[in-house]
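Undergrad: One letter stands for each residue in the lines below.
Number of protein chains: 2
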Amino acid sequence: MRIGIDAMGGDFAPEVAVKGAIMALDDIASDTTIVLFGEPTILETLLNNEGCNSPRIEIVPTEDVIEMDEHAVKAFRQKSNSSIVVGFQHLATKKIDAFASAGSTGAMMVGAMQLRSEGAEIERPAIATVIPSITGASVVLLDLGLNVDCKPAVLHHYAKLGAEFATRELGVKRPRVALLNIGKEATKGNLQARSAYKIMQGAGEDGEYNFVGNIEASYLFTAEVADVVVCDGFVGNIILKLMEGLYSINRKCGTTNTFWEGMDYEVRGGSPILGIDAPVVIGHGRSTAKAICNMILTTERHAR
Amino acid sequence: MRIGIDAMGGDFAPEVAVKGAIMALDDIASDTTIVLFGEPTILETLLNNEGCNSPRIEIVPTEDVIEMDEHAVKAFRQKSNSSIVVGFQHLATKKIDAFASAGSTGAMMVGAMQLRSEGAEIERPAIATVIPSITGASVVLLDLGLNVDCKPAVLHHYAKLGAEFATRELGVKRPRVALLNIGKEATKGNLQARSAYKIMQGAGEDGEYNFVGNIEASYLFTAEVADVVVCDGFVGNIILKLMEGLYSINRKCGTTNTFWEGMDYEVRGGSPILGIDAPVVIGHGRSTAKAICNMILTTERHAR
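Chains as they are written, first to last, in my numbering: chain A, 1 to 304; chain B, 1 to 304.
Accuracy of the hints is not assured; some may be wrong.
Since the list can't tell identical chains apart, any single copy or any two copies may satisfy a pair.
Said to hold, decoys possible - Below 25 Å or equal to it, Euclidean Cα-Cα: the simulated DSS-like pairs (lysine-lysine) are:
hint, residue 1, residue 2
1, K290, K252
2, K188, K79
3, K198, K151
4, K188, K74
5, K188, K151
6, K184, K252
7, K184, K74
8, K188, K160
Hints listed in this document are in silico derivations from the structure and should not be mistaken for laboratory results.
Please take these sequences and the hints and turn them into a complete structure.
TA: Now the structure itself:
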């Protein structure tokens, strides 16, 4: 397998991309190659400095970088020789099997959207994450910010995507799928949630997935109620950032436990985009080498 | 001042209401009276068991109780002799100066809505809470679930309510007001947030309040960006329940620090309803005696 990595994306690129790739060599399959997209002279120097000449790390030379604050659609069109655009070209032409970046989420989304099949049943892709719970079981949460103002039917699509992901990648049989809401009853919530509940209930009765009803946020991290939790990208993104904020408060205060350790973005390894035709993973903008290494492992698992 | 307390509301009523009222006697002003609304024989027995015969605790006899799972509007109409309905009657006729309950939030809302002036500028009341931050400063967050599917103008009203509250009750001069969103830029967010941003920016320029722009959830508990954070009740309620869930996970794991101690609902003392013409405070359904005591202190402060 060939895993493409945007070596220029993220706050600490390209140094951490090179170091992370070298770290990952020991943990990925022996026939997996890491393909770094980026400025070749810089990347070669960094690889030499690390004393790495493994044939399992290749470089595809690119010139430009799409910055975090650029308009994603415009930048994607204009910077045709940037690491993200070239990476997606390689993915579309199957020169690589998967692509991951800790750079511009917006540009990653633009690239991912272009990979969707015409007339796909899933209207909108979603960013998913696997969150820890106190029981040790994992919970899949989606969408994390790709699609705000979701139509209720889109939440139903997320339920399918999330259930499939939980089964395939986490090995959960018949995953329990819940809708994030402000109360357990079907009548609770905003217009979007009430309408999505009806669609999801019908889909559950039709056996499309195992719908267990609404989940309140207090049960999100207990894994008691659900294995897959779907929500609008606005709400999902707020939860994600809230957890990041709390994680960093705990870290500052020197407070931790196994639950919070599981929240460490460095070990979580990026968030896959579901609902597209190729494996794409988004890493954290502040990724360290360890985080990039784990992003590569996540990408390999997701691609398998 | 006369503070009315629904003695029958909450999971552990009426025992904790009586104990909490007795605990509060030492901390409230010496001329403040606590008026308990509830079944008189039971309340008298409980007061006697505690050896309390203070003239500063009075009983207003009521018969019914509105349960947590009842339809609030119907129950409010039908149970005219319930502790919450009679409490609001006393508040409307100024026999008490403030009212608080750890019972049905829905019924409290119905009562509160009836207290609004005709043609009030504020279209919808909001539930506010004061959350701790790592700097020790407090942050006002609203709405916590009263109004889901907020019109953008309603978020602007919340900004006014929150700023007024921060100034009056927390002593913050010119409080910084922010809109909870998924990015800092004005173009970020869902339709509601983007539209609210424009209204709030205009209000800020007109000097209605000190609008500092969008705040991301990662900065909610740092007090670096804002003193007042406004959001839709759907999002606010999810944040509230998420924090409760995390608080309880930390508690189970024996993990704590001063930040998380500040999250303890027992010490936080309930959430005031803003945007109505009388002081009303909602306590936590699982309130203990200590939580009821703190709810009474919050209510007294809010009423002053």
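Undergrad: Please flag the earlier hints that this structure goes against, numbers listed from lowest up.
TA: Structure breaks no hint.
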